[in-house]
Amino acid sequence: MSLEPGAGRKTKYEYLYHIADAKFRAYGCTLEEVFGNAALAMFNVMTDTTNLKHEIMQQVDLTSHDIETLLVDWLSELLYLFEVEGIIFSKFEVGSIKHTGDGFSLSAKAMGENIDLSKHSFDTQVKAVTFHELKVRKDDGFCVQVVLDT
Amino acid sequence: MPEETQIDAGSILTKINDYTWDIPQDYKPGMRVPGRIFVSRALLSSLEKETIEQTANVATLPGIQKYAMAMPDAHTGYGFPIGGVAAFDRENGIISPGGVGYDINCGVRIIKTNLTVDEVRPRMKDLIEKLFNEIPSGVGSKSKIRASDRELTDAFLHGAKWAVESGYGTEDDIRHCEENGYMDAADPSKVSEKARKRGKPQFGTLGSGNHFLEVQYVDEVYDDKVAEVFGLTKGQVTIMVHCGSRGAGHQICTDHLGILEKATRKYGIVLPDRQLACAPAESPEGQAYFGAMASAANYAWANRQVITHWVRETFTNFFGRDMDDLGMELVYDVAHNVAKLEEHTINGKKKMLYVHRKGATRAFPPGHHDVPDTYRKVGQPVLIPGSMGTPSFVLHGTQEAMELTFGSACHGAGRVASRAAAKREFRGEDIQKELAAAGISVRATHPSVIAEEAPAVYKVSGDVVDVVHNLGIARKVVRVMPLGVAKG
Numbered sequence: 002m003s004l005e006p007g008a009g010r011k012t013k014y015e016y017l018y019h020i021a022d023a024k025f026r027a028y029g030c031t032l033e034e035v036f037g038n039a040a041l042a043m044f045n046v047m048t049d050t051t052n053l054k055h056e057i058m059q060q061v062d063l064t065s066h067d068i069e070t071l072l073v074d075w076l077s078e079l080l081y082l083f084e085v086e087g088i089i090f091s092k093f094e095v096g097s098i099k100h101t102g103d104g105f106s107l108s109a110k111a112m113g114e115n116i117d118l119s120k121h122s123f124d125t126q127v128k129a130v131t132f133h134e135l136k137v138r139k140d141d142g143f144c145v146q147v148v149l150d151t
Numbered sequence: 409m410p411e412e413t414q415i416d417a418g419s420i421l422t423k424i425n426d427y428t429w430d431i432p433q434d435y436k437p438g439m440r441v442p443g444r445i446f447v448s449r450a451l452l453s454s455l456e457k458e459t460i461e462q463t464a465n466v467a468t469l470p471g472i473q474k475y476a477m478a479m480p481d482a483h484t485g486y487g488f489p490i491g492g493v494a495a496f497d498r499e500n501g502i503i504s505p506g507g508v509g510y511d512i513n514c515g516v517r518i519i520k521t522n523l524t525v526d527e528v529r530p531r532m533k534d535l536i537e538k539l540f541n542e543i544p545s546g547v548g549s550k551s552k553i554r555a556s557d558r559e560l561t562d563a564f565l566h567g568a569k570w571a572v573e574s575g576y577g578t579e580d581d582i583r584h585c586e587e588n589g590y591m592d593a594a595d596p597s598k599v600s601e602k603a604r605k606r607g608k609p610q611f612g613t614l615g616s617g618n619h620f621l622e623v624q625y626v627d628e629v630y631d632d633k634v635a636e637v638f639g640l641t642k643g644q645v646t647i648m649v650h651c652g653s654r655g656a657g658h659q660i661c662t663d664h665l666g667i668l669e670k671a672t673r674k675y676g677i678v679l680p681d682r683q684l685a686c687a688p689a690e691s692p693e694g695q696a697y698f699g700a701m702a703s704a705a706n707y708a709w710a711n712r713q714v715i716t717h718w719v720r721e722t723f724t725n726f727f728g729r730d731m732d733d734l735g736m737e738l739v740y741d742v743a744h745n746v747a748k749l750e751e752h753t754i755n756g757k758k759k760m761l762y763v764h765r766k767g768a769t770r771a772f773p774p775g776h777h778d779v780p781d782t783y784r785k786v787g788q789p790v791l792i793p794g795s796m797g798t799p800s801f802v803l804h805g806t807q808e809a810m811e812l813t814f815g816s817a818c819h820g821a822g823r824v825a826s827r828a829a830a831k832r833e834f835r836g837e838d839i840q841k842e843l844a845a846a847g848i849s850v851r852a853t854h855p856s857v858i859a860e861e862a863p864a865v866y867k868v869s870g871d872v873v874d875v876v877h878n879l880g881i882a883r884k885v886v887r888v889m890p891l892g893v894a895k896g
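Order-wise, the sequence lines are chains A and B. Each residue of the first sequence is one higher than the one before, counting from 2 in the numbering used here. Each residue of the second sequence is one higher than the one before, counting from 409 in the numbering used here.
There could be a bad hint or two in this list.
[As the list claims (entries may be wrong)] Computed footprint of chain A on chain B, listed as stretches where at least three residues anywhere in the stretch have a Cβ under 8 Å from a Cβ of chain A:
1) 509 to 521
2) 824 to 834
[Stated by the list, open to error] Once the Cα atoms are required to be at most 20 Å apart in a straight line, the calculated PhoX-like pairs of lysine-lysine come out as:
3) B:474 - B:423
4) B:538 - B:520
5) A:120 - B:423
6) B:670 - A:136
7) B:550 - B:605
[Claimed, not checked] Computed, partial: chain B to chain A, Cβ under 10 Å:
8) 548
9) 555
10) 559
11) 602
Rather than coming from a laboratory, the hints here were simulated on the basis of the structure. A virtual CB, placed ideally from N, CA and C, is assigned to each residue, including glycine.
All chains should be modelled from the sequences, with the hints used to inform the complete structure.
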């Protein structure tokens with residue numbers, strides 16, 4: 002899996018064909034950037050986040066045993082906060098992803114606004130983040146691939 | 409309209425008979441048994457290569473019995489294919505959340521009425537509007553119930569029984585649910601705080617995606633005798649509810665996948681796909697998952713029971729007649745994403761197996777002790793929902809299913825096109841108009857929800873059901889046609 006021609010650095014993410022679920026690739030110069038873009042791709046499966054405000058912030062700190070699991074844990078945590086706190090996130094500042102003794106850690110800020118059903122319209126809900134065809138690759142930059150259960 | 413993944417499945421599969429195709433055991437290294445896909449030649453043309461790969465992957469799991477199977481509606485999932493059935497030996501087999509899915513006990517129930525299609529059709533638009541307003545659906549929708557921690561635990565433990573004891577339904581409802589509405593393997597101590605937080609505000613919500621509440625009528629009776637036992641007659645109005653365990657189930661699956669990933673390494677199990685993370689069935693990790701999964705299954709039964717109560721209230725108010733007068737009895741409730749410990753006969757020997765059904769419906773035969781008394785002579789009702797705007801079917805379980813598929817049949821029509829392709833190809837407003845012209849009122853939170861579920865993105869439900877019927881793993885009893893659909 003490499004950055005495809007035309008995908009370039011200007012493309013934060015793109016959706017790929019999957020018969021029942023949502024599959025995407027996200028790109029970035031750094032791991033931190035690609036994790037942020039992956040989160041953006043996930044929320045845009047559910048709703049258009051283009052004009053959302055960044056008025057609420059949630060801090061996310063995680064440690065996982067490998068980088069792929071860290072990506073699943075990061076996106077799963079955001080889904081959890083979306084559902085329980087009722088926030089649609091549209092901006093992500095992933096501070097640093099570090100290789101720790103027995104895995105990887107992440108410290109990030111996720112920003113967005115409260116769900117208001119009179120204002121926001123949703124397509125299908127993302128149920129969960131799967132491990133299916135999950136990939137984290139370093140190439141020219143970084144690229145990840147994720148399948149979401151919808 | 410399958411896209412890029414279409415293949416000549418016939419070149420990989422070995423034909424056994426008109427509806428049975430095998431994946432040879434040497435197709436992939438590590439397969440312990442062959443794969444077996446139950447499709448007609450016509451349905452084979454829309455089978456994806458990835459569905460075959462995923463079925464073959466399941467065949468590599470320890471303790472698998474007979475075949476890794478895929479039902480006629482099978483399509484690509486994650487871990488198991490959707491439409492996958494596999495049974496694992498209790499002693500030396502595994503249990504895997506990949507064989508159940510995130511929406512634990514996603515399932516279907518059908519409620520009958522004394523109303524006829526002619527009485528209901530003229531008022532359908534108003535009725536579906538009322539149902540849409542009374543039963544919360546869609547992303548971000550919240551329940552009308554403020555459940556306490558105690559009530560949540562009780563629901564995890566006792567499912568539909570909890571709901572009925574809390575005033576949402578009747579004793580008969582429980583008897584007409586698979587497992588009597590709850591699995592006693594539930595262990596809420598294995599459910600995380602996160603899953604509890606997600607589940608607490610969502611009792612009695614439909615969710616989104618392919619979940620729906622549908623008002624229907626019986627338009628064709630295939631088997632008069634069995635239809636009479638199920639209490640179904642031509643022209644009768646029925647209500648179908650399709651939903652699952654909501655955020656609680658999704659979180660439980662996510663949490664335990666993490667635990668079982670570690671267990672997979674601990675027990676030295678080699679997997680072709682991380683989504684198949686598993687543990688020996690009777691190991692502490694395997695049993696922790698099973699206890700949590702059963703809790704989610706029970707939550708789903710409670711969820712469908714609460715929704716049933718509100719459907720009855722809505723009908724009662726709308727028609728100005730009470731529930732008994734309307735004859736609103738639950739016919740049956742089936743789970744189609746679940747793992748169960750069941751007794752099956754393998755080579756003439758009785759064995760306890762963990763049967764995983766991921767997008768497959770249990771189809772137990774006449775005489776089976778798990779079929780309610782009322783239906784024991786004819787076998788359990790097998791409920792196969794169609795996609796939006798297309799017919800659904802009620803079948804009955806058979807002995808053939810016990811022999812061929814561990815007592816299982818299909819669960820729906822099965823997708824043939826992605827949600828993205830559907831949204832490119834269709835406008836929700838157009839689909840809504842087309843269905844209205846066909847006499848079907850659709851009410852959804854947003855037009856795109858309708859586009860994503862357009863009838864053309866699914867296999868023809870009748871084709872799938874015909875394979876099941878002809879194979880004999882369940883037999884057709886009645887067909888029900890939609891009158892009105894409410895979706896999230």
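So, going through the hints one by one against the coordinates:
For the region 509 to 521 of chain B, the proposed coverage by chain A is satisfied: 3 residues have a C-beta within less than 8 Å of a C-beta in that chain, meeting the threshold of three. Only residues whose beta carbon comes within less than 8 Å of a beta carbon in chain A count, and the region 824 to 834 of chain B has 7; three or more means the coverage holds. With a CA separation close to 17 Å, the supplied pair residue 474 of chain B and residue 423 of chain B stays within the 20 Å bound. As the CA atoms of residue 538 of chain B and residue 520 of chain B are separated by approximately 18 Å, the hinted pair is consistent with the 20 Å bound.
Of the supplied pair hints, the one linking residue 120 of chain A and residue 423 of chain B is violated, its CA atoms being roughly 54 Å apart against a limit of 20 Å. A distance of roughly 19 Å separates the Cα atoms of residue 670 of chain B and residue 136 of chain A; the hinted pair therefore holds under the 20 Å criterion. Pair hint residue 550 of chain B plus residue 605 of chain B holds up; C-alpha atoms about 13 Å apart against a cutoff of 20 Å. The closest approach between the C-beta of residue 548 of chain B and any C-beta of chain A is roughly 5 Å, which is under the 10 Å cut-off, so the hint is satisfied.
Checking residue 555 of chain B against chain A: minimum C-beta separation of about 15 Å lies over 10 Å; hint violated. Below 10 Å, beta-carbon pairs count as interface contacts, and residue 559 of chain B has none with chain A, the closest being about 18 Å; its hint is therefore violated. Taking 10 Å as the C-beta cut-off, the interface hint given for residue 602 of chain B holds, the closest approach to chain A being about 6 Å.
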